[in-house]
Amino acid sequence: MDELYRDFILDHYRSPRNSGTLENPDATFEDDNPLCGDRIRMDLRIQDGVVSDVRFKGRGCAISQASASLLTEAVKGRALSEVAAIGKDEVLGNVGISISPARLKCALLGLKVLKQALAVKYEPSTEEKAYPDGTPS
Amino acid sequence: MSLLTAPPQPSLSAADVARIREDFPILAERPHGLPLVFLDSAASSQKPVQVIDSMDDYYRRYHANIHRGVYHISELATEAYDDARAKVAAFIGAPSADECIYVRNATEGLNLVAYSWGRQHVGPGDTIVLTEMEHHSNLVPWQILAKERQARLRFVRVTPEGLLDLDDLDSLLEGAKVFAFTAVSNTLGTVNPVEHLVERAHAAGAIAVVDACQAVPRMPVDVRRWKCDFMAFSAHKMLGPTGIGILWGRSDLLQGMPPFNSGGGMINVVHLESSTYASPPARFEAGTPAIAEAVGLGAAVDYLQAVGMERIHRYEMELAAGALAQLTQESGVTVYGPHMAARTGVISLTVGDIHAHDLATILDSAGICVRAGHHCNQPLMEKLGVPATTRASFYLYNTPSEVDALMAGIRRAKALFKIS
Ligand SMILES: Cc1ncc(COP(=O)(O)O)c(C=O)c1O
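Read top to bottom, the protein sequences are chains A and B. Residues 35 to 171 in this note's numbering are what the first sequence lists, from first letter to last. Residues 2 to 421 in this note's numbering are what the second sequence lists, from first letter to last.
Hints were generated in silico from the structure; no laboratory data involved. Hints should not be assumed to be uniformly reliable.
Simulated pairs of lysine-lysine, BS3-like, Cα-Cα distance not exceeding 25 Å [as the list claims (entries may be wrong)]:
no., chain 1, residue 1, chain 2, residue 2
1, A, Lys91, A, Lys146
2, A, Lys91, B, Lys384
3, B, Lys228, A, Lys91
4, A, Lys91, A, Lys149
5, A, Lys91, A, Lys139
6, B, Lys384, B, Lys419
Per the computed footprint, the stretches of chain A lying under chain B, defined by three or more beta-carbons under 8 Å from a beta-carbon of chain B, are [what the hints assert, rightly or not]:
no., region
7, 88–96
8, 100–111
Note that CB positions come from ideal geometry on N, CA and C, so glycine has one too.
Isolated chain B (complex conformation) (with noise of 0.2 Å):
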């Protein structure tokens, strides 16, 4: 290994995402007779022709249930099915593919942790650790848990800024038994310091559980770097399909954890009154999974990989950068969130008295796809004192002038609602 660190990568060139966007069919769509400007990545990404190819290639050629098949094209299913899986391991780090559960999305990861780990170590009087800045996917399992086992929440608060407020963090975690918390804010952009935080969890001597639903399409993720005990993403907002989420758990936890789910092809042996489960990942895995999903998230990690999360994220931080600076300077217009450095490519603001849902609908009108609401993060919502943002997110295959029409499109909304 050189001693020298390697040049820093550069990020897409215009070129290069004029010829990423010729792989996304969706995007030569025409909504109201305007190009489709498409800034809801946050919510589900569009799919690349390489993905969409890879499931209707299964479908039509190698169609079958895995596993029970002796024949060759259950074999070649098979085949794809746990080829997938380590596709995704080597993509975040995980020292084995057997630690990648394939569950439905990022919410079934997390419920499964709460329910199978949870239930098995969570107790009277002990404590969850969550942050304000939570998906609803990654608090309600843990509402549900703490009720159950009368078990205490307690909450990482959210500065005005939109960062995680660390000075109580040693304290929120003492004696906790779990710290569950998003890597990336999906409201705020906030990209918050998981090394950090899993470092403070393990020293308070709980898991940490990481909910990377907005890290692992845009940055690049590894888990050995990372030091996490679980952590949850959906293959929708990655360029994959939808249907098909990631738990990776470590090996050792996941060993130890009862089936969430129960049926076929999660079992060794089975008598009419008990039963013996199989290993990880398959303990997990109960009944026929979504094998085209898997097949299809493959394929996008595939595509990640060839155009590099490096140069992904670098010029989603540039397009990004490029929207506040105008945002900023937009008068009427409020940004939420941090700071660049601290942040992403999703952004949520607000126009003057203009409600989210109408600054929406003008923007629709505009051909500008935008999500508007409370983006699932109501208590936080409560404390940004707002019911409601409309949030626009960027992604590879978004361009400046992109950019650009979203800020016509407010100058317009401006302009209806008569604000200066």
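One chain only, chain A, in its complex shape (with noise of 0.2 Å):
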């Protein structure tokens, strides 16, 4: 538990890193673990294939928004094929502890996020693929 809960965690639990939006964000999404009503929205500008400057605003438990806070640490400045080859092992050797089952859903909401968001912009969905004149009411 010690463990869980360091001191860095909580220090980006309480000071979160790049919180807040962007005005007119190149890539965005908002999407929450509804078991735990965690809940976060990434907002991205990408500037010649660069992650140039990205937020994160959120609600939730200790893991889920540390781990959010240090995946815009990671991705900042990044080239978007970078960005986009981040996997949940990255994710989880940034939090640099061990993860029960039960909360992995928590450490992996920011990258879900983040992920969703990059999709959105450059590939479109299968949802957009398969109804391409608008989702089916």
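Mind assembling these two chains? They're in different frames, but the hints should get you there.
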């Protein structure tokens, strides 16, 4: 437990980095973890194939918020191709603590939102592909 | 009958509780090598060996489908299934066992009322009254009915203290067809004045549907005293198995209702083009029912009655009062819900800026099981202004030392999060 709630996790929870929103972001997505009510929105500024700025806003447990905060630090200034390659292992590696299966969803919510933001921006989602004239009502 | 009122029944003694605990095999489990402190009975209670054995015995000795068999073990199964119904009826003061319909859980019972009674009686412009403290199971079925029938939903507000705001109850109920409400809040522990609410519903010409999920397990309940029209509850919260619950309904109402599910077991005569339906309760029990679960529910009722609901209620109130006294003294802790006189052993709280899931994780590492989240009460959470709370709930097998363990866990969480 002492391990799970290490000082730097609490620090990112209480003072999240890159917190807030961007005006007219190039990519944005918001999602929640319906089980817990954790919620994260991520805004990205993309210039010349690089994530030049990123902001996130959310509420939820220390694990989900700290993990999202750490993730924003990891993507800022990186090429889109690299960001697209970020996976679960890198995120958990940054968090640096062992996460029980019950809390994995919390730790990975930020990554899920980031991936969705990029997917919505750069590739039509499956739904969009299936219904080119708009989603069915 | 004596004119003297009976002396108040005592609560459970420490020795009683020690004996009760012996009946619950799971309490000997040691998660993370620590004693199991189970404080989540409001979500689902643990099961005594009497319930587990009754179901085991059924499967080992007399499992067969009911009603249609003419052989011995099918008769035994049919008898056990019907006996359990009679036990439940006596337990809740139902005038007749035929008024007790086996359903899968309270949620299904409430859906049955909303679909079967609701579709027949609620039309465009009609009003359905609910409260702001309803579990999603007593909210969503009415939303669907209202949408389908172009009816209106109105809500009795919850006060900041966590009580129903009854000031404008009569005007809310004016012209209403249904008033559906919970007897006890699963989030705040609030005990609602059921008799009064039923009386006002009837005065307005509405039927009263009571969600008794949190009441039947923890206090004496008598539908004749409440005078409600329908009441739903789940077996798994009252020492019984999952997969079965009861919808009790006034027989004249049930007689007039169309089936909910249909198929085998609920018919009288079937032709290719049409059928006639069986009388209640069979009309509402299509298909092979949860027979083992009915047997288990019967055993759970036996167990609760042997201990005594009044004693269980008093004991749980003692535990809750002890917990509240400590929690309200603890800095950084916020307790939601009303004062002790209007509540029961379900306590929702937050600690500083610790998210409910973090608190629950820290408590779990000390072997303490609590629930964290919105408790299927999202509108109420919005009202309280918190995304989630941590909920501890007490039952007959909990002890004062488990309350102390909870407090120690909360202090540990405060230390980890550096909250003074
Ligand atoms: C007040 C209340 N109503 C309804 C329910 C739903 O019960 P079930 O999930 O057993 O149908 C619950 C259980 O969480 C409850 O506490």
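Outcome of the hint check:
Taking the CA atoms of Lys91/A and Lys146/A, the gap is near 14 Å; set against the 25 Å cutoff, the hint holds. Restraint check for Lys91/A and Lys384/B: satisfied, since their Cα atoms lie roughly 22 Å apart, inside the 25 Å limit. About 50 Å separates the Cα atoms of Lys228/B and Lys91/A, which puts this hinted pair outside 25 Å; it is violated. In summary, the hint linking Lys91/A to Lys149/A is supported, as the alpha carbons are separated by about 16 Å, within the 25 Å threshold.
With a C-alpha separation of about 17 Å, the suggested pairing of Lys91/A with Lys139/A holds against the 25 Å cut-off. Among the hinted pairs, Lys384/B with Lys419/B is inconsistent with the structure: their alpha-carbon atoms are about 28 Å apart, more than 25 Å. Under the rule that three or more residues need a Cβ within less than 8 Å of chain B, the assignment of the region 88–96 of chain A holds, with 4 such residues. Counting residues of the region 100–111 of chain A whose CB falls under 8 Å from any CB of chain B gives 0; the rule of at least 3 is not met.
Checked against the numbered hints above, the structure violates hints 3, 6, 8; every other hint is satisfied.
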